[in-house]
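Between the sequences and the hints, there should be enough to build the whole structure, so can you do that?
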Amino acid sequence: MFHIYCPYCEEHREEEEFHPKGQAHIARPEEPEACSDEEWGDYLFFRDNPRGIHHELWVHAVGCRKFFNITRHTVSYAILETYKMGELPRFTAEFPEGSLSEKVTTEAEAMSRQEGVKA
Amino acid sequence: MNQINRLREGGRIDRARTLSFTFNGKRYQGHAGDTLASALLANGVNIVNRSFKYSRPRGIVAAGAEEPNALIQLGGTESAQVPNVRATQQALFDGLTAQSTNGWPNVQRDLMSLVGKLGGRFMPPGFYYKTFMAPASMWMTYEKVIRKGAGLGRSPMERDPDSYDHLNQHCDLLVIGAGPVGLAAALTAARSGTRVILCDEQEEMGGSLLDSRELLDNQPAVQWVERVLDELAQCDNVTLLPRTTANGYHDHHFVTLHERRTEHLGETAPQGAGYRPTRSRMHRVRAGQVLLATGAHERPLVYGSNDVPGNLVAGAVSTYVRRYGVVPGNKLILSTTNDYAYRAALDWLDVGREVVAIVDARQAPDGELVAQARARGIRIIEGAAVLEAKGGNRVSGARIAAIDAEAFKVTGQAETLACDTIASSGGYSPVIHLASHTGARPSWNEESLGFVPSLVRGVHAAGSARGVHDLAEGLADGAAMAEQALEALDRPAGPIALPQVDSLREGAACAFYQVPHEKPTLRGPKQFVDQQNDVTAAAIELATREGFESIEHVKRYTAMGFGTDQGKLGNINGMAIAARCLGKTIPEVGTTVFRPNYTPVTFGAIVGRHCRDLFDPERYTALHQWHVEHGAEFEDVGQWKRPWYFPKTVNGKSETLDEAVARECLAVRQGVGVLDASTLGKIDIQGPDAREFLGRVYTNKWAKLAPGRVRYGLMCKDDGMLMDDGTTSCLGENHFLMTTTTGGAAGVMEWLELWHQTEWPELQVYFTSVTDHWATITVTGPEARKLLSEITDIDLDKEQFKFMDWREGQVADVPARVFRISFTGELAYEINVQANYALHVWTTLFEHGDKYDLTPYGTETMHVLRAEKGLIIAGQDTDGSVTPEDLGMQWAVGYDKPFPWIGKRALSRSDTRRKDRKQLVGLKPKDSAVVLEEGAQIVFDPDHAIPMPMVGHVTSSYYSAILGHGIALAVVKGGHHRIGETVYLPMVDGQVHQAEIVSNVFYDPKGERQHV
Ligand SMILES: [Zn+2]
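Same order as they appear, the protein sequences are chains A and B. Quick note on numbering: the first sequence equals residues 1 to 119 in our numbering. Quick note on numbering: the second sequence equals residues 120 to 1131 in our numbering.
Just so you know, the hints here were simulated from the structure itself, not pulled from any lab data. Every value quoted in this text rests on a predicted model; they were computed, and no experiment measured them. Just to be clear, a hint being listed does not mean it is correct.
Said to hold, decoys possible - Derived pair list, reagent style PhoX-like, types lysine-lysine, alpha-carbon separation capped at 25 Å: (1) 21/A x 1023/B; (2) 970/B x 1034/B; (3) 1092/B x 66/A; (4) 509/B x 528/B.
As the list claims (entries may be wrong) - One side of the interface only, derived from the structure: several residues of chain A facing chain B at Cβ under 10 Å: (5) 14; (6) 28; (7) 30; (8) 37; (9) 44; (10) 88.
Stated by the list, open to error - Between beta-carbon pairs, the in silico distance windows are: (11) 213/B x 50/A: 51 to 61 Å; (12) 14/A x 866/B: 18 to 28 Å; (13) 966/B x 9/A: 26 to 36 Å; (14) 50/A x 1065/B: 16 to 26 Å.
Even glycine gets a Cβ: it sits at the ideal position worked out from N, Cα and C.
Put into structure tokens, the structure is as follows:
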């Protein structure tokens, strides 16, 4: 059972309070009518299944009801960060140790990093 | 009755307290402090079980969780039956009743062994795979034989009288295992002030120190244990959990501990002062850091007939002698690869029994324990091993010969020595099960000859659990690893004073697992690797010959380490044998993986309080009590309890469902009925962009809905498939009330939030669930207006208050919103009042309703009435593959709305444009007495060869009392263009029903009745 830091409540809470909502950063095409069937099908049905870093959308369903994103490692299950809607992840497939251009880490951001990465 | 193997003195049992117990129908006595296993050994009980597959007699092998044979069925009464309890882990209590899990009709003279090892022939290695490839019907036969003969334990047939609970725990450091290493770690952490939980699976804490020969600070080790436990007990920041097994290590340092609270006291929890304690408790621990001080399991050597009762692992001999005051035999032979196991021989000698010989696989062992044994005159046979145990129901001797471990060859002439006990030790396997649960693969350590855990961040292992077996080193390691964990927590601790240990110098152990025999493994006496699953060295060799090269495949092929055993004694030996056969090293054949749970856990402990009435929360409407008092039968809709129907008593007999529903339906069609519709989901939507938002999430138009008006809406996912439906009312220019299906309420709420928060955060709109705040009472039927007008100040004139209008006013003198919407096709008013006024309004309706024969109706009647009108229920008539167009509801789709609303684009995909999609239609059975089965498959041609092409299925079906025949809703391929055609429904019993495709609106097709 995951231990998840809600970036809005600013607390770690048990997974039972959250619902997973699939891959994060799936933007709905601005003009659906302009999409080909294939493009629309990609948006609807196709999702990544990476071994490693994965960005996921979750909701604090029985807490603050806010949607937010989690960067999770699909092998170790370590949660590398959680971040609010509209924000960008610091840990990505390109920058698994954190992006170089990141600003000074705030305390909340440090909190949102889940222990459990393979040492 | 006499305990023939009980020593006069010594051990940690209380000889002043004698306890009686029954095993396999015979009465015995033991003492407080015994386990069932030590008491059985004290009484000279050799055979505790029959083996699973070969039905061989089996005795006790070990003294802890790793015991493979002494699995017992506990319980003297039916309701207290617990299967698969290890006798080595069950504390003795007065009156304990147990029997062997396997062995039919009894363990002493087993039928299965008389019929010639039936199981063995039935179950060669690969049995499971080979059998599942045989016809399924044969499996039933095999299974019966296996279950009857082998017995796998059984569940109680009566209700469990005990209760169980869960406790959520948080701590900075969880220390698992309270042997010397865990105690040193816990003490270090305790003094730092961090919150510490120390758990240990045994009846008392202390681990190996409880039977240790070593002195700590020149005193018996148990005195140090007592001092440390005293100090820990004084610390407010420390929780001590004895009798508590850490069974599962889950994500993010979530560890489940299973505490046996009363299982040492009786077979059910004893009555306390005014309460009965829970029998066991699941601690759900979320730990900051975890320290594994789980110790090691001694590996037995794999030699011929090593399963004859009287073969034990060496350490267990010491445990029984020193901790329980039981010496399980008279004449001992020890076969070993290491110095440490020599303790067993010295302990044996100390209590005055004979050590026939120590057989050491090494040439010229020279450690201090070896020297001690030599000095005491024990014969030590070097470079040799026990090839084979002799005896049937008990060891009678051992064949010993010089061997070449490396070449896997017997090099000398075998001699047979008489003995009744063979202790063996092939080294020590760190208990890495919990570390393995985290997914981290262990690695082979060539120095300690065992797998050591690799650890994820926040997990630490110390002492034997990571191959540090020496006591002094282990104590220091425990303290050091605790300091490491405390540093990670930023709570550095001061060093503790470790006790002085006079360590004995040990010689190097040798790597030796399977003992060679003069005959090849496949033809020699059976050499057991996993006694619980009856897996032999030959079976593993056979598996490798059949091409199974990975240890994971070998395990599945042979069942090694399956079930409750989880490979505690056998896994490493099995891997070593596979490696030998394949010409590889142990790490080359793979690593070893263990799964939760470490030991079996009862279902009671898992479910805790979440059973019976508390299995799932139940939701009641504000009118629930009235329904109960008026004899309603209830139906579960999600978590809600909804009245299903209200049977009346007619001529002393209660109406059936069909009778009650027919009566309720006619009452609504011909008079007036009332329904508690409070469970409908209600979402209050406000904000300047509320209207725009509705236009995006519903398929139809909302731009022009005026305050005071109501509209039915369809909600799709972006794939164009219907997900929910309901009405939404305009309460004010920026204020709406949305209703959802009962089951869909929470999902719709989350759906709205999802789109608002992730796609359109710029829209100013707010959602509040008000399902529980408003009760909904539906008054419907031709007499509804007359009845309601008696208790409301709202003008019900049909021109003033039209169909799909809503009005605010007083009903039964309380504030109400009344919605003129209809799910029955009749004149209908849905009255919303504050939930705490609901009963008042409901009973006022009945006070006035007598003269109209006001009839309460339930969900079943509601379903029939709506089906007569062809109205769908999302989730019953739809299943996530049905578009609004498939439902023939193009009238509720705003194709020309400016914003690309959710689901719109998908409606022009090639698949959603297909002409042969399954479409909603009505079905009228040709035989008016027939009510079709919901879910029944539909075919066009009943004479088509099997398999027939299935073209749809029945989604809803009822008997319509007003029409006098069965009606059904169904989805049929291209159904909208097949009105009037006949379809066929072949049933399981061979009958084939015929039905005509008709409009889905069966009653009042022009829809006049709801407008009156
Ligand atoms: Zn939150």
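Results of checking the hints against the structure:
This hinted pair checks out: residue 21/A and residue 1023/B have alpha carbons roughly 22 Å apart, not beyond 25 Å. With a C-alpha separation of about 53 Å, the suggested pairing of residue 970/B with residue 1034/B is violated against the 25 Å cut-off. About 42 Å separates the Cα atoms of residue 1092/B and residue 66/A, which puts this hinted pair outside 25 Å; it is violated. Pair hint residue 509/B plus residue 528/B holds up; C-alpha atoms about 20 Å apart against a cutoff of 25 Å.
Nearest Cβ of chain B to the Cβ of residue 14/A: about 8 Å, under the 10 Å cut. The hint holds. With 10 Å as the threshold, the beta carbon of residue 28/A comes within range of chain B, its nearest partner Cβ sitting at about 6 Å, so the hint holds. The beta carbon of residue 30/A comes within 9 Å of a beta carbon in chain B, closer than 10 Å, and the hint placing it at the interface holds. With a cut of 10 Å, the hint placing residue 37/A at the interface with chain B holds, because the nearest CB-to-CB distance is about 5 Å.
The restraint placing residue 44/A at the interface with chain B holds, with a minimum CB-CB distance near 5 Å, inside the 10 Å limit. Interface restraint check: residue 88/A against chain B, minimum CB-CB distance 15 Å, threshold 10 Å, status violated. In this structure the supplied range 51 to 61 Å holds for residue 213/B paired with residue 50/A, their Cβ-Cβ distance being about 60 Å. Between residue 14/A and residue 866/B, the C-beta spacing of about 21 Å keeps the proposed range 18 to 28 Å intact.
Taking the beta carbon of each, residue 966/B and residue 9/A are about 49 Å apart, not inside 26 to 36 Å as hinted. Checked against the hint of 16 to 26 Å, the pair residue 50/A and residue 1065/B fails, with Cβ atoms roughly 45 Å apart.
In summary, the structure is inconsistent with hints 2, 3, 10, 13 and 14 from the numbered list given earlier, while agreeing with the others.
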